[in-house]
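S.K.: Letter by letter, the chains look like this.
There are 2 protein chains.
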Amino acid sequence: MISWIGRRPLRSEIPRLKARGTPKATKKVDISDLTPEALPYLAQAAYFELGVFESLASAVSTAPNLAAREGLSAAAGRALSKHHGLINEIRRRGGEPAVVMAPFAPALDHYRQKTTGADWYELLLSCYLAGGLLDDFFIRLADGLPGDVGPRVAQLLGEDAGTDVLVHELAAAIAADPTLASRLAMWGRRLVGDTLLVARSAMPLQTASGESRIEPVFTELIAAHTRRMDGLGLTA
Amino acid sequence: MISWIGRRPLRSEIPRLKARGTPKATKKVDISDLTPEALPYLAQAAYFELGVFESLASAVSTAPNLAAREGLSAAAGRALSKHHGLINEIRRRGGEPAVVMAPFAPALDHYRQKTTGADWYELLLSCYLAGGLLDDFFIRLADGLPGDVGPRVAQLLGEDAGTDVLVHELAAAIAADPTLASRLAMWGRRLVGDTLLVARSAMPLQTASGESRIEPVFTELIAAHTRRMDGLGLTA
Numbered sequence: 001m002i003s004w005i006g007r008r009p010l011r012s013e014i015p016r017l018k019a020r021g022t023p024k025a026t027k028k029v030d031i032s033d034l035t036p037e038a039l040p041y042l043a044q045a046a047y048f049e050l051g052v053f054e055s056l057a058s059a060v061s062t063a064p065n066l067a068a069r070e071g072l073s074a075a076a077g078r079a080l081s082k083h084h085g086l087i088n089e090i091r092r093r094g095g096e097p098a099v100v101m102a103p104f105a106p107a108l109d110h111y112r113q114k115t116t117g118a119d120w121y122e123l124l125l126s127c128y129l130a131g132g133l134l135d136d137f138f139i140r141l142a143d144g145l146p147g148d149v150g151p152r153v154a155q156l157l158g159e160d161a162g163t164d165v166l167v168h169e170l171a172a173a174i175a176a177d178p179t180l181a182s183r184l185a186m187w188g189r190r191l192v193g194d195t196l197l198v199a200r201s202a203m204p205l206q207t208a209s210g211e212s213r214i215e216p217v218f219t220e221l222i223a224a225h226t227r228r229m230d231g232l233g234l235t236a
Numbered sequence: 001m002i003s004w005i006g007r008r009p010l011r012s013e014i015p016r017l018k019a020r021g022t023p024k025a026t027k028k029v030d031i032s033d034l035t036p037e038a039l040p041y042l043a044q045a046a047y048f049e050l051g052v053f054e055s056l057a058s059a060v061s062t063a064p065n066l067a068a069r070e071g072l073s074a075a076a077g078r079a080l081s082k083h084h085g086l087i088n089e090i091r092r093r094g095g096e097p098a099v100v101m102a103p104f105a106p107a108l109d110h111y112r113q114k115t116t117g118a119d120w121y122e123l124l125l126s127c128y129l130a131g132g133l134l135d136d137f138f139i140r141l142a143d144g145l146p147g148d149v150g151p152r153v154a155q156l157l158g159e160d161a162g163t164d165v166l167v168h169e170l171a172a173a174i175a176a177d178p179t180l181a182s183r184l185a186m187w188g189r190r191l192v193g194d195t196l197l198v199a200r201s202a203m204p205l206q207t208a209s210g211e212s213r214i215e216p217v218f219t220e221l222i223a224a225h226t227r228r229m230d231g232l233g234l235t236a
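Those sequence lines, one after another, are chains A and B. Numbering follows the numbering used here, with no gaps: position 116 of the first sequence is 116. Numbering follows the numbering used here, with no gaps: position 81 of the second sequence is 81.
The hints are simulated quantities; they were obtained by calculation from the structure and are not laboratory data. There may be inaccurate statements among the hints.
Here are the in silico distance ranges between beta carbons for each label pair [claimed, not checked]: (1) Ala175/A - Thr235/B: 55 to 61 Å; (2) Val149/A - Asp109/B: 38 to 44 Å; (3) Arg92/B - Arg91/A: 15 to 21 Å; (4) Asn65/B - Thr62/A: 44 to 50 Å; (5) Arg152/A - Asp164/B: 44 to 50 Å.
Mimicking SDA-like on lysine to any residue, the simulated pairs with C-alpha atoms at most 20 Å apart in a straight line are [as the list claims (entries may be wrong)]: (6) Lys28/A - Arg200/A; (7) Lys114/B - Ser58/B; (8) Lys28/A - Ala173/A; (9) Lys114/A - Thr62/B; (10) Lys114/B - Thr62/A; (11) Lys114/A - Arg93/B.
Source: prediction; values computed, not measured. Idealized CB from N, CA, C, for every residue including glycine.
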């Protein structure tokens with residue numbers, strides 16, 4: 001595992017891909033030609049963030065105490081602000097948000113429904129892990145966007161997701177209950193599979209050459225996912 | 001009805017009390033001594049806005065189309081940003097948000113549960129009417145807060161609530177279905193009663209003198225409520 005100690009900003013809850021490696025670690029794989037067109041890219045990312053918002057809002061409603069509810073409402077607000085930032089980019093390019101997002105709704109709704117989980121903790125873990133993984137993924141894909149939209153979107157998606165509260169609630173519950181820990185470890189493993197499929201489907205051409213070049217990126221995404229699991233005391 | 005045509009900013013969906021009257025209309029009743037202490041005031045207003053956020057987020061999840069969902073998510077974001085603005089004021093005064101809000105949770109939860117409504121349209125109407133009325137009410141009470149917190153809070157609560165989308169969805173549905181119109185008119189009448197009770201309970205002393213001085217304020221709140229109902233084509 002690459003050491004990123006000392007590079008991690010104090011209050012960032014997720015080691016972002018872009019801030020991660022040591023200089024020697026990698027040549028960054030160029031996958032810019034695997035990025036979809038700007039509008040479909042923005043639409044998928046926007047619809048995904050709307051889903052994260054809805055999941056977090058539902059976690060707010062079912063939170064067991066007011067402090068958690070309060071913290072989760074802030075995290076929901078962060079996801080919503082990413083969503084609206086992407087919506088602004090869509091409008092800036094002349095797209096009608098509801099129209100451009102519509103084609104991606106069925107698959108993402110299905111994904112979200114599958115990953116809602118059986119209780120509040122599974123829901124939190126989904127928000128944390130899937131939100132982290134797909135933010136990382138969309139940041140990575142943003143490299144291939146034309147003009148200045150790529151850096152702007154990467155900046156937006158890389159903002160603090162406010163998920164400290166999720167980590168805090170999950171870590172406390174996991175430490176207190178070994179049964180929960182093993183159930184959540186299973187849930188986390190299942191999530192990563194479903195989430196990588198969503199990531200894969202966001203990319204246009206699935207040629208053999210595309211497949212082989214995307215592979216190292218998926219390896220990076222999984223490594224970051226594993227660190228999130230480790231941070232919670234879960235075996236990935 | 002007082003004419004406020006020509007005074008209404010183009011995209012404001014609610015004629016705010018502070019921007020309403022014509023010069024001749026009223027001497028503003030001074031109720032500043034009926035305002036609770038700053039922390040309980042901020043806590044109640046913050047918890048109320050959290051409830052509005054949760055109701056709107058739940059309306060997002062059940063919206064019949066993506067355009068409505070998108071618009072409602074923006075309205076939810078506005079309520080959330082009012083909530084977090086109030087939370088910041090609480091922290092600024094050394095309060096712990098979850099602690100200071102806790103005493104107000106049971107009554108406000110009960111109110112929100114009673115006013116959720118039987119379907120999506122009743123929920124939208126609740127968000128629009130109760131949100132409008134209680135924003136107006138808390139703005140009015142803010143007069144009595146010490147220092148500069150009053151104007152700052154009034155400014156925050158007076159910001160555009162993004163409820164154009166609620167008005168649009170409701171007005172279209174009401175125009176299309178007279179049965180819905182009469183059901184929603186009944187629902188609106190019931191809401192105003194429950195909401196005024198919540199407003200009343202937010203004030204500390206309920207002496208005979210307090211009662212008589214608060215009466216004109218309630219009359220103002222009801223007048224603004226009636227205009228909202230009229231605007232939707234509902235008989236108040």
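S.K.: Hint by hint, work out which the structure violates, then give me just those numbers in ascending order.
M.R.: 3, 4, 5, 8, 11
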